[in-house]
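Asks: Sequences and hints are given; from them, build the entire structure.
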Amino acid sequence: MHRLIVTEKFNAAVRIATILSDGKAKRSSVEGTTVFEFASGTDRVRIVGLRGHILNIDYPEALNSWERTDLRELVWAEPDKVITAGKIAAALRKLAEDADEVVIATDFDREGELIGVEALDIVRTVRPSVTVRRARFSALTKWDVERAFGDLAEVDFPLARSAESRQSIDLAWGAVLTRFLSIASRQLGRDFLSAGRVQSPTLALIVDREREITNFAPEDYWTLHAAFRKTVDGTPVEFEADHAHGPFWAHREAESARVRADVAAKGTVLEYLANEREERPPPPFNTTMFAAEANRLGFGAAQAMRIAEDLYQGGFISYPRTDNTVYPTTVNLRTVLEKLADSPFGAEARELASQERIVPSRGRTQTTDHPPIYPVAGATRAQIKREDHWRIYELVVRRFFATVAPNAVALTSEAKIDLGGETFVAEGFVLRSSGWRKYYPYWQVREARLPALAAGEDVDRVGPVAIKDDRTKPPARYSEGSLLQEMERLGLGTKSTRHDIIKKLYDRKFIEGKYPRPTTSGVAVIQALEDHAERITKPEMTAHLEEDMEEIARGVRTQQDVIRESQQMLSDVLEILEKNRQAIGQEIEAALRQQNYIGPCNVCKEGTLNVIRSRRGSRFLGCDRYPACRNTHPLPQTGIIESAEETCPECGAPMIRHTDRGRSTTFCVASDCPTVREMNLIGRCDKCGQGELSIRHSMRGKRFVGCSTYPACDNTYPLPQRGLIIPDKEPCKACGRPVIKVIMRGRPPWILCLNMECPAKNGKRKRAAASKAKPKKPRAPRKKRTKPEPIEADIAAG
DNA sequence: GCAAGGTC
Numbered sequence: 001m002h003r004l005i006v007t008e009k010f011n012a013a014v015r016i017a018t019i020l021s022d023g024k025a026k027r028s029s030v031e032g033t034t035v036f037e038f039a040s041g042t043d044r045v046r047i048v049g050l051r052g053h054i055l056n057i058d059y060p061e062a063l064n065s066w067e068r069t070d071l072r073e074l075v076w077a078e079p080d081k082v083i084t085a086g087k088i089a090a091a092l093r094k095l096a097e098d099a100d101e102v103v104i105a106t107d108f109d110r111e112g113e114l115i116g117v118e119a120l121d122i123v124r125t126v127r128p129s130v131t132v133r134r135a136r137f138s139a140l141t142k143w144d145v146e147r148a149f150g151d152l153a154e155v156d157f158p159l160a161r162s163a164e165s166r167q168s169i170d171l172a173w174g175a176v177l178t179r180f181l182s183i184a185s186r187q188l189g190r191d192f193l194s195a196g197r198v199q200s201p202t203l204a205l206i207v208d209r210e211r212e213i214t215n216f217a218p219e220d221y222w223t224l225h226a227a228f229r230k231t232v233d234g235t236p237v238e239f240e241a242d243h244a245h246g247p248f249w250a251h252r253e254a255e256s257a258r259v260r261a262d263v264a265a266k267g268t269v270l271e272y273l274a275n276e277r278e279e280r281p282p283p284p285f286n287t288t289m290f291a292a293e294a295n296r297l298g299f300g301a302a303q304a305m306r307i308a309e310d311l312y313q314g315g316f317i318s319y320p321r322t323d324n325t326v327y328p329t330t331v332n333l334r335t336v337l338e339k340l341a342d343s344p345f346g347a348e349a350r351e352l353a354s355q356e357r358i359v360p361s362r363g364r365t366q367t368t369d370h371p372p373i374y375p376v377a378g379a380t381r382a383q384i385k386r387e388d389h390w391r392i393y394e395l396v397v398r399r400f401f402a403t404v405a406p407n408a409v410a411l412t413s414e415a416k417i418d419l420g421g422e423t424f425v426a427e428g429f430v431l432r433s434s435g436w437r438k439y440y441p442y443w444q445v446r447e448a449r450l451p452a453l454a455a456g457e458d459v460d461r462v463g464p465v466a467i468k469d470d471r472t473k474p475p476a477r478y479s480e481g482s483l484l485q486e487m488e489r490l491g492l493g494t495k496s497t498r499h500d501i502i503k504k505l506y507d508r509k510f511i512e513g514k515y516p517r518p519t520t521s522g523v524a525v526i527q528a529l530e531d532h533a534e535r536i537t538k539p540e541m542t543a544h545l546e547e548d549m550e551e552i553a554r555g556v557r558t559q560q561d562v563i564r565e566s567q568q569m570l571s572d573v574l575e576i577l578e579k580n581r582q583a584i585g586q587e588i589e590a591a592l593r594q595q596n597y598i599g600p601c602n603v604c605k606e607g608t609l610n611v612i613r614s615r616r617g618s619r620f621l622g623c624d625r626y627p628a629c630r631n632t633h634p635l636p637q638t639g640i641i642e643s644a645e646e647t648c649p650e651c652g653a654p655m656i657r658h659t660d661r662g663r664s665t666t667f668c669v670a671s672d673c674p675t676v677r678e679m680n681l682i683g684r685c686d687k688c689g690q691g692e693l694s695i696r697h698s699m700r701g702k703r704f705v706g707c708s709t710y711p712a713c714d715n716t717y718p719l720p721q722r723g724l725i726i727p728d729k730e731p732c733k734a735c736g737r738p739v740i741k742v743i744m745r746g747r748p749p750w751i752l753c754l755n756m757e758c759p760a761k762n763g764k765r766k767r768a769a770a771s772k773a774k775p776k777k778p779r780a781p782r783k784k785r786t787k788p789e790p791i792e793a794d795i796a797a798g
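So in our numbering, spot 513 of the first sequence is number 513, and the numbers just go up one at a time.
I should point out that these hints are in silico values taken from the structure, not numbers from a laboratory.
Just so you know, not all the hints are guaranteed correct.
List time: in silico DMTMM-like cross-link candidates among lysine to aspartate or glutamate, alpha-carbon distance up to 20 Å [as the list claims (entries may be wrong)]:
id: 1; residue 1: K230; residue 2: D43
id: 2; residue 1: K9; residue 2: D191
id: 3; residue 1: K416; residue 2: E240
id: 4; residue 1: K230; residue 2: D170
id: 5; residue 1: K509; residue 2: E457
id: 6; residue 1: K266; residue 2: E488
id: 7; residue 1: K579; residue 2: E589
id: 8; residue 1: K468; residue 2: E730
id: 9; residue 1: K230; residue 2: E457
id: 10; residue 1: K509; residue 2: E414
id: 11; residue 1: K538; residue 2: E589
id: 12; residue 1: K504; residue 2: D262
id: 13; residue 1: K605; residue 2: D660
id: 14; residue 1: K605; residue 2: D624
id: 15; residue 1: K266; residue 2: E278
id: 16; residue 1: K339; residue 2: D323
id: 17; residue 1: K26; residue 2: D43
id: 18; residue 1: K266; residue 2: D460
id: 19; residue 1: K81; residue 2: D170
id: 20; residue 1: K142; residue 2: E488
id: 21; residue 1: K266; residue 2: D98
id: 22; residue 1: K509; residue 2: D660
id: 23; residue 1: K26; residue 2: D98
Label pairs and their in silico Cβ distance ranges [as the list claims (entries may be wrong)]:
id: 24; residue 1: E219; residue 2: A760; range: 51 to 57 Å
id: 25; residue 1: R68; residue 2: Q444; range: 55 to 61 Å
id: 26; residue 1: T367; residue 2: E646; range: 50 to 56 Å
Heads up, the beta-carbon is just placed ideally off N, CA and C, and yes, glycines get one too.
Replies: Here you go:
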């Protein structure tokens, strides 16, 4: 008998082939796809790995034109199946020719069932009579795989059909609402507006948070603070305490308490408690936590996942798409530590391996599909060359270390102190044993020293009792990390798609900034949907869909029934939308105009200046009376541009506010305005002596120093891409080139000669600079992606 | 050119 085994991904094919053939499987190529083959008794077995879904659904060509298609027709249209992985489909057809039995060995979940059936459908176009079985396993271990193949089951067609329904409902709602919004607001082509079951509720989360922030009414309050001193072994130790009342909402009350306390020169300890507290390590990484932690290190969620995918393909970390936060027993923790022994983390790995017992931490979710993300090989810098890849690898290694490290032990203490009849509270927190924190330095704790005290003891007050005025703050914006966690909590998207959804919201210009906030068009779209198609903006739509899918899978409802019901609902929604088409369109158009509006044109004085995107994707300011007025101004290519809503005091042109990586600068739009020249001026050109050196921006948004007489003089210097740049008056003593000061938050100013070859620079820095100066090389061989992402650096570099 | 879900 000839048996064909189909897996969901290439690596699963490799693994299963190895297990079932005891490593004897031979590799060959069929229609350009790798296939494994071995004999099992008198049977011949072939194994092929798919690439996830190999089919997709799409509407027939007749419905492709957005302008000409009646949306009421689209609601009820039946989509076609389209092959999206042609080479794999070709291989399947070829392999089907002499196959007697197909074994579906895709992932053990709803989408896996459908992916398997997709492959089966292709096989059956060639061999309609082929028999089919299903192997169900939840881990790619020898035991699990052998058990699954020793006990083959039947394909769960209702389960596959439930996944198909999900596809069809998502497409119908997505396509109808996307086209409606785009047509009503006349945003066709590149700048279309979109809606979907996952993206719209996610966008609504961000819009809601922004509304809370905007509507927040801060309240003033006051707090009281006192410092005390106790002499321990002849050394005075000072510590701080806060008034036990917490915030005072009336200044009068705070002030009278302050006056009462301030009278007393000594405090009396009312109570002192000290405790040793064990701090458990963080749980192993699932996808969401991993991406959230990477986000804290400055990576965009989608960027972090792409790097994790690379590291997985390179054999450095385990599968990065997992919900599991409990190591299965099949992961040998000591073996993992041994593998890391030859990496730069060797010393730490050996230290952890020397523990008598290793008890890993565990999270709340235990699934059986994949283990949590952990390192599967010790790597060296030579193997992982790119700095961002290395930082992600290190994060995964260190998280693994933390999960197998001992508890940290902290000494916590609290004292209540009476001062003039007012009670103050002092808290102490000192790490006694760093435990896992030693291996996972990303979470810093602030220590506070509090000497041991005894009830009844007196302590000296130091300095006056201070009153601090403060105001309540609005909730913080989401970070990509906290947004991922919220999406997970609400059941929006999956471990494999959440980061993509966020990226989509950026790409569609619905959100912007490192801490995503909605653009005016993002707000307008959510507003319109909330008013007329509320269902699509709520996470409940996903929850409801899940219930429907379950009913299809259980056989209590048919696929047709569920889809019809959904179509009817969509049809009702569309009817309401159509009735309000004009109003919705105008509302969104107005928001879009406002989004790009900067101010009145400083040249013709009649038109307005707006942010315009060139066909190549770069942006600039232009007058809306073009071609009558040809006034344009260049713009920084990265970050957020908005109107500063004021005019330049020097030249009267409108001002823009530019926010990049959390830093805002306001400047005049006119490139010839003296304030702009001043802002970017470095000094006289040291090469031609004629022009002026100033900070300029390349097409890709990178800044550098260039000469004003370019192209007559081609003098340029690279610049650090981050930090505030201030020119130094004196040229470099060693080489005579200009010198700048770079100011970065949390670091002392960095004084830098612009000349990369300056003899004053030591060899170490020279090498570092040289390696930084050639990022072009790794960019070239980057793997092709489904879609080009011209501005990914804008949002992801963070 | 639309969605969301797999995977590269």
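Asks: Hint by hint, say whether it matches the structure.
Replies: These are the hints, each one checked on the structure:
1. K230 with D43: The given pair, whose Cα atoms are some 84 Å apart, is violated under the 20 Å limit.
2. K9 with D191: 34 Å, violated
3. K416 with E240: 11 Å, holds
4. K230 with D170: Outside the cut-off at roughly 67 Å; violated.
5. K509 with E457: 62 Å, violated
6. K266 with E488: 52 Å, violated
7. K579 with E589: 17 Å, holds
8. K468 with E730: Violated: K468 and E730 sit about 44 Å apart, past 20 Å.
9. K230 with E457: Holds: K230 and E457 sit about 10 Å apart, inside 20 Å.
10. K509 with E414: The given pair, whose Cα atoms are some 49 Å apart, is violated under the 20 Å limit.
11. K538 with E589: 24 Å, violated
12. K504 with D262: 57 Å, violated
13. K605 with D660: 29 Å, violated
14. K605 with D624: Holds - the C-alpha atoms of D624 and K605 are around 11 Å apart, at most 20 Å.
15. K266 with E278: The given pair, whose Cα atoms are some 34 Å apart, is violated under the 20 Å limit.
16. K339 with D323: 24 Å, violated
17. K26 with D43: With Cα atoms ~15 Å apart, K26 and D43 stay inside 20 Å; holds.
18. K266 with D460: Since the Cα atoms of K266 and D460 sit roughly 5 Å apart, the hinted pair holds (cutoff 20 Å).
19. K81 with D170: The hint holds at about 15 Å.
20. K142 with E488: 32 Å, violated
21. K266 with D98: 94 Å, violated
22. K509 with D660: 16 Å, holds
23. K26 with D98: Cα-Cα ~18 Å, so holds.
24. E219 with A760: 51 to 57 Å: 55 Å, holds
25. R68 with Q444: 55 to 61 Å: 59 Å, holds
26. T367 with E646: 50 to 56 Å: 54 Å, holds
Violated hints, listed in ascending order, are 1, 2, 4, 5, 6, 8, 10, 11, 12, 13, 15, 16, 20 and 21; each of the other numbered hints is respected by the structure.
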